[in-house]
Every structure is written in structure tokens, then in C-alpha cells.
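2 protein chains.
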Amino acid sequence: MNSEYNIIIADDHQIVIDGIKSVLSNTVYKVTDEALNGQTALSIISSNPDKFNLLITDISMPLLSGTELCKKVKQSFPLIKVLILSMYSSSSVVKEVVMAEADGFILKNAGKEELQKAIHKILNDGTYYSDEIIPIIYNQIEKEKKQKENTQILSEREREILSLIVKEFTSEQIAEKLFISKKTVDNHRTNILDKTGCKSTIGLVKYALKNGIE
Amino acid sequence: MNSEYNIIIADDHQIVIDGIKSVLSNTVYKVTDEALNGQTALSIISSNPDKFNLLITDISMPLLSGTELCKKVKQSFPLIKVLILSMYSSSSVVKEVVMAEADGFILKNAGKEELQKAIHKILNDGTYYSDEIIPIIYNQIEKEKKQKENTQILSEREREILSLIVKEFTSEQIAEKLFISKKTVDNHRTNILDKTGCKSTIGLVKYALKNGIE
DNA sequence: TTCCTAATAGGTATTTATACCTAGTAAATT
DNA sequence: AATTTACTAGGTATAAATACCTATTAGGAA
Numbered sequence: 001m002n003s004e005y006n007i008i009i010a011d012d013h014q015i016v017i018d019g020i021k022s023v024l025s026n027t028v029y030k031v032t033d034e035a036l037n038g039q040t041a042l043s044i045i046s047s048n049p050d051k052f053n054l055l056i057t058d059i060s061m062p063l064l065s066g067t068e069l070c071k072k073v074k075q076s077f078p079l080i081k082v083l084i085l086s087m088y089s090s091s092s093v094v095k096e097v098v099m100a101e102a103d104g105f106i107l108k109n110a111g112k113e114e115l116q117k118a119i120h121k122i123l124n125d126g127t128y129y130s131d132e133i134i135p136i137i138y139n140q141i142e143k144e145k146k147q148k149e150n151t152q153i154l155s156e157r158e159r160e161i162l163s164l165i166v167k168e169f170t171s172e173q174i175a176e177k178l179f180i181s182k183k184t185v186d187n188h189r190t191n192i193l194d195k196t197g198c199k200s201t202i203g204l205v206k207y208a209l210k211n212g213i214e
Numbered sequence: 001m002n003s004e005y006n007i008i009i010a011d012d013h014q015i016v017i018d019g020i021k022s023v024l025s026n027t028v029y030k031v032t033d034e035a036l037n038g039q040t041a042l043s044i045i046s047s048n049p050d051k052f053n054l055l056i057t058d059i060s061m062p063l064l065s066g067t068e069l070c071k072k073v074k075q076s077f078p079l080i081k082v083l084i085l086s087m088y089s090s091s092s093v094v095k096e097v098v099m100a101e102a103d104g105f106i107l108k109n110a111g112k113e114e115l116q117k118a119i120h121k122i123l124n125d126g127t128y129y130s131d132e133i134i135p136i137i138y139n140q141i142e143k144e145k146k147q148k149e150n151t152q153i154l155s156e157r158e159r160e161i162l163s164l165i166v167k168e169f170t171s172e173q174i175a176e177k178l179f180i181s182k183k184t185v186d187n188h189r190t191n192i193l194d195k196t197g198c199k200s201t202i203g204l205v206k207y208a209l210k211n212g213i214e
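These protein sequence lines are chains A and B, in that order. If you use the numbering used here, the first sequence corresponds to residues 1 to 214, in order. If you use the numbering used here, the second sequence corresponds to residues 1 to 214, in order.
Rather than coming from a laboratory, the hints here were simulated on the basis of the structure. Just so we're clear, the structure is a prediction, and the values are computed from it rather than from any experiment. Do not rely on the hints blindly, as some may be mistaken.
It does not matter which identical chain is used: a pair holds within one copy or between any two.
[Claimed, not checked] Straight-line C-alpha distance at most 25 Å; calculated SDA-like pairs for lysine to any residue:
id : residue 1 : residue 2
1  : Lys112    : Ile134
2  : Lys95     : Lys167
3  : Lys167    : Val93
4  : Lys112    : Glu176
5  : Lys199    : Glu160
6  : Lys95     : Thr27
7  : Lys167    : Ile136
8  : Lys167    : Pro135
Put together the whole structure using the sequences plus the hints.
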């Protein structure tokens with residue numbers, strides 16, 4: 001039986017690969033293979049999937065990106081853990097990583113301690129996401145959850161009124177059109193603002209256009 | 001040397017193909033090939049591009065639409081003329097056709113006389129656009145020209161302020177941000193409304209989003 | 001039945017936006 | 001030198017939107 005961990009690294013900068021390898025020298029983590037692009041990494045893994053415990057990969061790589069690589073590995077070889085390294089932590093990048101079901105995500109400016117910690121946690125507990133990006137994940141999730149809920153949460157009447165608002169009718173005009181009191185329209189507006197989390201009509205318009213209410 | 005014209009027809013309705021073929025029988029226009037979708041048509045043309053003088057194609061087809069097919073043909077085989085047939089003449093369809101650089105466009109309800117005339121003109125003079133759609137093209141062009149003009153008509157400062165409006169800042173907040181009086185911001189707003197022809201902030205938001213001001 | 005929600009409507013107050021004005025300054029154009 | 005334009009700023013007034021409340025009715029869910 002093998003008590004060591006076999007790791008494959010994918011990164012299009014040889015220097016990064018070498019750096020990780022040197023950080024992991026003299027540990028139980030053995031970097032047995034490396035690849036300069038996602039495609040090569042996938043070939044290596046596919047040819048001997050049982051060999052690897054962990055894939056450490058960059059995101060932007062030729063031929064096959066790190067997140068795409070992660071998805072494919074997770075689909076075909078779910079036992080292999082994946083740690084993604086990235087230069088940036090923009091919400092779109094973070095979202096991509098989460099969507100790819102990576103086991104971990106750290107920034108390239110992380111020190112070797114964090115790298116070792118990440119690898120250790122991933123191989124034992126399960127996941128490691130760097131502190132900086134956890135709030136980003138939550139914000140993203142919250143935002144999307146709210147958006148999804150909101151489209152459905154708006155009642156038919158509210159959607160009708162929102163549609164008229166976007167068509168540049170005032171509350172008074174909407175009231176006339178729908179044979180209800182301006183006050184009722186205003187109440188609906190308040191509720192729509194609440195439900196969508198918008199601050200003003202401006203937000204409502206953007207919300208409506210984004211959600212196909214025209 | 002060949003004094004005849006070779007035509008390929010792409011349409012997902014065999015009946016349309018047969019109709020065109022019968023209209024062109026006993027003319028110098030020979031329908032040598034046909035395809036039930038854009039992809040097949042493209043394959044046929046690619047395998048022997050010198051053979052064809054004209055492609056007659058429907059717009060809505062499986063695998064590859066007529067306008068997409070047209071673009072590809074025009075790009076790879078610019079000598080082949082393209083006549084597009086369509087059920088509809090909505091401005092969006094017309095725009096698509098013009099963008100695809102088709103040599104001609106007629107509606108499917110056109111008679112065989114118009115079809116023959118269109119083919120003749122395309123193969124000799126260059127282009128044929130059915131009478132019904134010429135005003136549509138002009139209107140479209142006018143509309144877009146106006147929109148473009150308008151974006152440029154806004155001064156830099158006005159665009160800056162519009163951008164902040166869209167970001168849901170109030171006049172007061174914008175004033176603070178730009179170190180100017182709220183009154184000045186309001187004046188800019190009035191001018192922006194004038195120049196864009198919008199009735200209210202709602203219209204401005206839609207205008208801004210449409211014109212890439214965010 | 002009871003509870004909850006959507007839709008209705010009103011009161012009051014404040015904030016924001018818009019409509020009209022006038023007017024100075026600086027820069028560019030004619 | 002004269003004119004135009006962009007940017008600045010103020011006054012006054014009205015219209016519209018928003019923030020808080022309360023309250024009734026009807027219909028569906030617990």
C-alpha cells in the first residue's frame with residue numbers, strides 16, 4: 001500500500017510548476033507529473049487515473065482551460081481532487097471555479113504555507129477555499145439567489161405594473177390604464193422595489209430588462 | 001466554355017425547392033444541386049465552388065441558417081452570388097440579410113416573374129432587393145444613424161453624468177462625486193433628456209444601456 | 001376555521017426629478 | 001472681434017417617486 005500522495009500539476013508557466021515542486025519537495029506530496037496545458041494534463045490523467053490523488057491547475061492555459069479540465073476530471077475521475085490556482089479573484093473567475101466543482105481555490109500570490117495547508121486540507125477534510133474569495137462566493141450566491149427568486153416572486157400584477165413602468169408610464173397613468181388608484185400603483189411599486197432589492201425606478205428598469213420584462 | 005448558370009438551392013421544404021426548379025426549367029438557369037439545410041449546402045458548395053454561380057437560400061433552416069450560410073459563402077467564395085428567400089420582411093430579418101451581404105432578397109410570396117427578374121438582375125447587374133423591403137432598409141438605416149448621432153451628440157460630461165445616473169446615483173450624489181452643484185447636474189440632466197429625446201430617467205436608462213453607456 | 005397573501009386604497013411627509021427661467025466664464029470657431 | 005458651445009450655478013415651482021403607516025376584501029393553504 002502507498003501512503004504517499006501523487007500530484008499532477010498543470011500550468012503553462014514552467015516557473016510556476018517548478019515553484020510548486022520545490023515547495024512540495026521533502027513532503028509526502030509527490031509531484032509525479034506535469035503539463036504545460038490542460039489537454040496534455042487530461043491525457044496524462046486519463047492514461048493512468050488511479051495514479052493521481054490531486055490535480056493542481058492554473059486557469060488560463062492553452063488548448064484546455066483549468067476550469068474545463070477540472071470539470072472533465074471531476075466527471076470522469078471523481079476520486080481525484082482538484083486545486084485551482086489563479087492570478088485573479090474576480091467574481092466571474094470565482095464563479096467559474098465553483099461551477100467546475102473544484103475542491104480548492106487559492107491565488108497565485110499565496111505563500112507556500114497556504115499552498116501546503118490547502119493541499120493538506122483538500123486531501124484530508126475535503127475542500128480549501130482561500131479566505132479572500134469566500135466572501136466573493138457568498139456575495140455571488142446571494143446575488144444570484146435573489147435574482148432568481150425575484151423573477152418568480154413578483155406577482156402577475158406586479159410584473160404587469162413593472163412592465164408599464166419600463167414603458168415610461170407614471171404611476172398616475174398606470175392607475176388610469178388599470179382602473180385602480182394611483183395609491184395602489186404606488187404600493188405595488190414599493191413592494192416591487194422590496195422584492196427586487198432595487199433602490200429606485202432606475203434599478204427596476206435594469207432589472208426588468210435583464211429579466212425579460214418589457 | 002459554359003454559357004449557362006449553375007444554381008444551388010437550400011431550403012428545408014422540398015416543395016419550395018421543386019417550385020423554384022420548375023420555374024427555372026427551360027431557362028439558362030440550371031438548378032444543379034439542392035440541400036435541405038445550410039450545412040449540406042455549404043458542403044456541396046465547398047466541394048466544388050467553381051461550379052456555382054448562384055445560391056438561392058431560405059433563411060430558417062436546420063443546422064445552419066440561410067444568413068449564416070450566406071456569410072460563409074461570401075467569405076470563402078465571393079464569386080458566388082446569393083439570393084435570399086424569406087417568409088417575412090421584419091426589420092430584424094432584413095437587417096440580418098443586409099449584414100450577411102446577400103446580393104438579393106425576395107419574399108416567398110413573390111411570383112415567378114419576380115424570381116426570374118431577381119435572378120437575372122443578380123447575375124448581371126449585381127443585386128436585387130424586393131420593393132417591399134427597400135423602405136424597411138432605409139428606415140432601419142435612418143434609425144441606427146440617428147441613434148449613433150445621438151451618442152456622439154452627448155458631450156463627455158453628459159455621458160459621464162448619464163453613466164452615474166444609470167448607476168443609480170441621485171443628482172445630489174452625482175454633484176458630490178463630481179464636485180459641482182446639484183443644480184448643474186440637474187441642468188445636464190435636462191440637456192441630456194433634450195438631446196436624447198427621452199421623457200424621463202427611465203428612458204435615459206434604456207437609452208444608455210442600448211448605447212453601451214454603463 | 002384560521003392564517004397568509006395579493007390586491008385594493010387611503011394618509012402624511014420627504015426626497016427626487018423635471019420644467020421653466022437667467023447668467024457667468026472659458027474655449028473653440030467663424 | 002463676434003459667435004457658439006460646454007460647463008458652471010442659481011431661483012421658483014410643480015410633478016413624481018419613495019418611505020412610512022393603517023385597513024379592507026377575496027381566495028388559497030395549513
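Results of checking the hints against the structure:
| no. | hint | verdict |
| --- | --- | --- |
| 1 | Lys112 with Ile134 | within (20 Å within a copy, 67 Å between copies) |
| 2 | Lys95 with Lys167 | between (32 Å within a copy, 23 Å between copies) |
| 3 | Lys167 with Val93 | between (33 Å within a copy, 23 Å between copies) |
| 4 | Lys112 with Glu176 | neither (67 Å within a copy, 45 Å between copies) |
| 5 | Lys199 with Glu160 | both (19 Å within a copy, 21 Å between copies) |
| 6 | Lys95 with Thr27 | neither (32 Å within a copy, 61 Å between copies) |
| 7 | Lys167 with Ile136 | between (35 Å within a copy, 21 Å between copies) |
| 8 | Lys167 with Pro135 | between (37 Å within a copy, 23 Å between copies) |
Hint violations for this structure: numbers 4 and 6, all remaining hints satisfied.
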